[in-house]
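Read top to bottom, the protein sequences are chains A and L. Oh and the first sequence: position 63 is 1160 in my numbering, straight run, nothing missing. Oh and the second sequence: position 155 is 421 in my numbering, straight run, nothing missing.
Ranges of calculated distance between the beta carbons of each label pair, as one might list FRET restraints:
#: 1; chain 1: L; residue 1: Glu463; chain 2: A; residue 2: Val1215; range: 18 to 26 angstroms
#: 2; chain 1: A; residue 1: Val1151; chain 2: L; residue 2: Asp394; range: 41 to 49 angstroms
#: 3; chain 1: A; residue 1: Glu1211; chain 2: L; residue 2: Ser427; range: 22 to 30 angstroms
Covered, in the sense of this in silico footprint (three residues per stretch, anywhere, with C-beta under 8 angstroms from a C-beta of chain A), are these stretches of chain L:
#: 4; region: 281 to 295
#: 5; region: 302 to 316
#: 6; region: 343 to 356
Only part of the chain L face toward chain A is listed, based on derived beta-carbon distances under 8 angstroms:
#: 7; residue: Ala276
#: 8; residue: Gly373
#: 9; residue: Lys444
#: 10; residue: Val451
#: 11; residue: Glu452
#: 12; residue: Leu454
#: 13; residue: His455
#: 14; residue: Leu457
#: 15; residue: Val459
#: 16; residue: Ala462
Simulated from the structure, these hints should not be mistaken for lab results. As the structure is a prediction and not an experimental result, all values here were calculated from the model. Even for Gly, the Cβ is constructed at its ideal location relative to N, Cα and C.
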Amino acid sequence: MTSAPRPRPGRDDAPDRLYTLTGGRSRSDSDVFDLVTLVVAECDPAPGMQSEHVAILRMCARPTALVEISATLNLPVGIVRIMLCDLLDTGRISARHPRTARVADRLPDTDTLEQVLVGLRNL
Amino acid sequence: MDSAISDRAALQATADNGLKIVVVGGFGVGKTTMVRSVSEIRPLNTEETMTRAGEDVDDLGGVHSKTSTTVAFDFGRITLDARSVLYLFGAPGQERFWFLWDRLFSGTLGAVVLVDTRRLADSWYAIDRLEHHGTPFIVACNDFGGPLHTEQQIREALDLSPDVPLVECDARDRSSSKYVLITLVEHLHALSVARAEGGGASAASLDADQPLAALTPEHNP
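Put together the whole structure using the sequences plus the hints.
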C-alpha cells in the first residue's frame, strides 16, 4: 500500500496514462468548464504536442462540448477539464460557456425556455 | 483518419450555448433508450470521478477506506437552433451518483424522472434528491406493458406533489420521448413565469398554466 504514490482517479485499465496527462495536478479553476461548455480550436495541432491535445484540437475544429471530448477520448470528465484549462491558458482553444446560470434553485429565464420549446417542437 | 471523430456529426460553427436536461432513473428503466430515441447522435458514454478523503462513503460497513466515487453516464444531443444545443443525460439514480450532481449537473434546466410502474419504489430516492437540490422535474412512466395504474395511484405511491406533471411514455418512440421533453420544458416555463410574477402563485394556479396536453394522455393498449 505504501508504495502507491496516491489514489489516482479514472479508468482502472490505464491509471498511469491519466497521471501523465495531467502531471498529477488538479486545478481549482477547471470548474469553469461545464459539461456542455463548447470548445473551439484556435490553432492547428503542432509537432511535438501531446497526442490528446492534438486530438482535442482536431475534434474542436467545430464547436464540441466537453462531455463529447471526454467520451471520444475515453477519459474522465475531470481529466479533460484540466487539459482544456492548459489549452485555454496557451490560447489554443476558446471556450463558449453555457449562458444558463449555474445556480441551484434558480429557474432559467423564460426567453431561453421558449427557445428550447420552439427547437423541441421542430424536431 | 480517426473514425471516432469522423463518426461524429459536427455542430454548426455558430453553436455557442449548451443546455442540459437530465433523465434520472433506476437500472433498466429505459434512460438510454429515451436518450437514443431523440438524440441526433448515437448515445455516448463517459464518466466522472470524485475523490473524497476521510468521509464515510456510504452506510455499508467496512468500506470507509474507499476514497473515490466513479459514475458513468450516457448522453445524446439535440441541436435546437443555430446557437443552442441541448444535451440529454441519462443518469443512474443510485446513491453515489448524487455526490457528483452539483459538479456535473448544476445549471441543468430540469430533470425527467423515468419510472417503471412495476418498481415505483426505485424512484423515491431520485425524487427526494431532486427536491433537495431544488431541481424542477416531471415524472414519466415508461410503458412496459405492466398492469395499468391510475394517475392517482402512481402519485400516491410516489408521494408526488400535485404540481409535478406526470405523463406516460414509450421511451423507444421518438415522438413520445419528444413529448416528455416538451412537457418538462412547459412545466419549467410555467414555474419561471410564476416566479417572475412574484412567486406568490399557488400550485393550483401553476396547474392552470399547464396545457391540457401536458397531463397524462389516454393510454389504453
